[in-house]
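Trainee: Please build the complete structure, drawing on both the sequences and the hints.
2 protein chains.
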Amino acid sequence: MSVLIVGSTALDSIKTPNAENPKLLGGSASHAAVAAAFFTPVKLIGVVGDDFPKRYIALYRKHKINLEGLQVKAGKTFHWSGEYEVNMDNRQTLLTELGVFGTFTPHLPESYKKSRFVLLANIAPSLQAHVLDQMQRPKFVIADTMDLWLNIALKDLLALIRRVDAFVLNESEAHQLTDRHNMLHAAREIHKLGPKYVIIKKGHNGAFLSGPRGFFLCPAYPLESLVDPTGAGDSFVGALIGYMATRPGPVENSLRRAMVYGSVVASFCCEGFGLTRTTKLKRSEIEGRVAQLEKLVRF
Amino acid sequence: MSVLIVGSTALDSIKTPNAENPKLLGGSASHAAVAAAFFTPVKLIGVVGDDFPKRYIALYRKHKINLEGLQVKAGKTFHWSGEYEVNMDNRQTLLTELGVFGTFTPHLPESYKKSRFVLLANIAPSLQAHVLDQMQRPKFVIADTMDLWLNIALKDLLALIRRVDAFVLNESEAHQLTDRHNMLHAAREIHKLGPKYVIIKKGHNGAFLSGPRGFFLCPAYPLESLVDPTGAGDSFVGALIGYMATRPGPVENSLRRAMVYGSVVASFCCEGFGLTRTTKLKRSEIEGRVAQLEKLVRF
Chain A
1 MSVLIVGSTA LDSIKTPNAE NPKLLGGSAS HAAVAAAFFT PVKLIGVVGD
51 DFPKRYIALY RKHKINLEGL QVKAGKTFHW SGEYEVNMDN RQTLLTELGV
101 FGTFTPHLPE SYKKSRFVLL ANIAPSLQAH VLDQMQRPKF VIADTMDLWL
151 NIALKDLLAL IRRVDAFVLN ESEAHQLTDR HNMLHAAREI HKLGPKYVII
201 KKGHNGAFLS GPRGFFLCPA YPLESLVDPT GAGDSFVGAL IGYMATRPGP
251 VENSLRRAMV YGSVVASFCC EGFGLTRTTK LKRSEIEGRV AQLEKLVRF
Chain B
1 MSVLIVGSTA LDSIKTPNAE NPKLLGGSAS HAAVAAAFFT PVKLIGVVGD
51 DFPKRYIALY RKHKINLEGL QVKAGKTFHW SGEYEVNMDN RQTLLTELGV
101 FGTFTPHLPE SYKKSRFVLL ANIAPSLQAH VLDQMQRPKF VIADTMDLWL
151 NIALKDLLAL IRRVDAFVLN ESEAHQLTDR HNMLHAAREI HKLGPKYVII
201 KKGHNGAFLS GPRGFFLCPA YPLESLVDPT GAGDSFVGAL IGYMATRPGP
251 VENSLRRAMV YGSVVASFCC EGFGLTRTTK LKRSEIEGRV AQLEKLVRF
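Taken in sequence, the protein lines are chains A and B.
Letter 208 of the first sequence, counting from 1, is numbered 208 in my numbering, and no numbers are missing.
Letter 53 of the second sequence, counting from 1, is numbered 53 in my numbering, and no numbers are missing.
Just so you know, these hints were derived from the structure itself, not from any lab.
Honestly, I wouldn't trust all of these hints.
Since the list can't tell identical chains apart, any single copy or any two copies may satisfy a pair.
List of simulated lysine-lysine pairs, DSS-like, C-alpha gap at most 27 Å [to be verified]: (1) 192 - 295; (2) 113 - 139; (3) 15 - 280; (4) 295 - 196; (5) 295 - 202; (6) 202 - 282; (7) 62 - 76; (8) 76 - 23; (9) 192 - 139; (10) 155 - 139.
Note that the structure is predicted; figures quoted are calculated from it, not measured.
Mentor: Written out as structure tokens, the structure is:
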């Protein structure tokens, strides 16, 4: 079954202690769409400017991503620039140029509206809600976010959270949203806001799921080389929903394994700048690392 | 098979954001010995002053810990006082009174020398080495440490590490010792220093094993209530070696599961001040939580 993904489609300029890469293909929707496309056809919603390189359009197409919902507007593509510290855990935003993203209103082509699996990747919660408004009875809706929206659009975010099946955020965001340090307590508070499933991302420490069938500790693949973590969280949710869309039966039956696929694709994402590693990835490599993770947690 | 444990036997005064508890039974050897005793008989090596409360001696005995190697000297028992910050991740040492520990030389009773399983719990590496010198061909020796010894006794520590089968330290200590942020790289450097097994403790994110059979990601039990993490690392290694001593065959076959037992007993340790929760623990509760952890990581 196909997956609908909305989020940012951007150019990322990324500095790490070892290298600097200007204007790579980036944005939450780009990372999520490429990750999901390893499993299932993807319908992308986003906006780019008329400066958006043709090779990036070609890259989307190479991954068979449906671009009917990608608007191309006169103006500049959203441009983000960030720099990572030595330990790669912390990063600073150097620059944010919204460009055509500043006036983006997502419109769903008719062919998108019946998608059963929906990923509201990280963008303003009002835009995520606007996409959801246009959907016809999706089976599973998952929303991601970032600290920015907790800071400047909390009301919109809380309104959105009520409407989704699964809500994804990282540890510090969970703490910020609930004022609870304890992950179990934070998850419980977030359930009260609506979502049946709460997924807390913990970077290289994996991810945590809280749902009707209890908790799941999703491992992270231990990486030999961390090149650039940008987009890892987006890859995680992208692969997660992509895998989910291939599984029959109730969501509960496949969510744990879907998280592991998410974790694995995120690990590959970290091995290259932007999408450079992910776009070279083969499905067999993903399966290989999932099998390795199974061995890594067995006791 | 019995386990020999050397380490500190102390009185701990612990402050957390919620409570303050003076002069609890503490020290690395106390925590480790009680944890190990759930699985196998324990022979303790340590020193206390003549102020050491009789009820703590009774507590050791209740857990059937062999005290032939516990010296009682005129003077004060080692007293440590620490305070945890709100998030319980960081703590500050308020006070360290070495007392009789300042002149401690561990002497092994004859009945201790043939122990097959040895835990050198956290004390000065020179004392750990002195115990090892007196042992007759142990099967498995594991050493724990703390940042203090990296700072003030690195040469002794490096000499000790060469002689042990397994070396345990936490993430920040692994980074300090090897100057590597990446856990795989840090483990590799530590293997070069001698140990066949390297175990990196990651607190509520579990623990990591590197050994001849590859890596293992040991989960941590997600706690509803973290009361006091003091001694959790000592409980971890204590239960680990205690479980190991009950298993026949090569070390490789049982080490992963031993770590999970360690992780579980450490989780109970955190649920009370000092040893208050651990000393009330039942073996059936340990087994229950091990079974829960199996379910928590299954996908």
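Trainee: How would you classify residue 15 and residue 280 at a CA-CA limit of 27 Å: within, between, both, or neither?
Mentor: within (21 Å within a copy, 53 Å between copies)
Trainee: 27 Å Cα cut-off: does residue 192 pair with residue 295 within a copy, between copies, both or neither?
Mentor: between (35 Å within a copy, 25 Å between copies)
Trainee: Given identical chains, is residue 202 near residue 282, meaning Cα to Cα at most 27 Å, within a copy, between copies, both, or neither?
Mentor: within (25 Å within a copy, 32 Å between copies)
Trainee: Given identical chains, is residue 192 near residue 139, meaning Cα to Cα at most 27 Å, within a copy, between copies, both, or neither?
Mentor: For residue 192 and residue 139, only the intra-copy Cα distance (21 Å) is at most 27 Å; the inter-copy one is 53 Å.
Trainee: Within a copy, between copies, both or neither: which one fits residue 295 and residue 202 at a CA-CA cutoff of 27 Å?
Mentor: Both ways: residue 295 and residue 202 sit 21 Å apart in one copy and 20 Å across, limit 27 Å.
Trainee: Is it within, between, both, or neither for residue 295 and residue 196, if the alpha carbons may be no more than 27 Å apart?
Mentor: between (29 Å within a copy, 20 Å between copies)
Trainee: Between copies, within a copy, both or neither: which fits residue 155 and residue 139 at Cα up to 27 Å?
Mentor: within (25 Å within a copy, 61 Å between copies)
Trainee: How would you label the pair residue 113, residue 139 (within, between, both, or neither) given a Cα cut-off of 27 Å?
Mentor: Answer is within; shortest intra-copy Cα gap is 12 Å, inter-copy 65 Å.
Trainee: For the identical chains here, do residue 62 and residue 76 meet the 27 Å Cα criterion within one copy, between copies, both, or neither?
Mentor: within (24 Å within a copy, 74 Å between copies)
Trainee: Is it within, between, both, or neither for residue 76 and residue 23, if the alpha carbons may be no more than 27 Å apart?
Mentor: Within. Shortest intra-copy distance 12 Å satisfies the 27 Å Cα cut-off; inter-copy 66 Å does not.
Taken one by one, the earlier hints all hold for this structure without exception.
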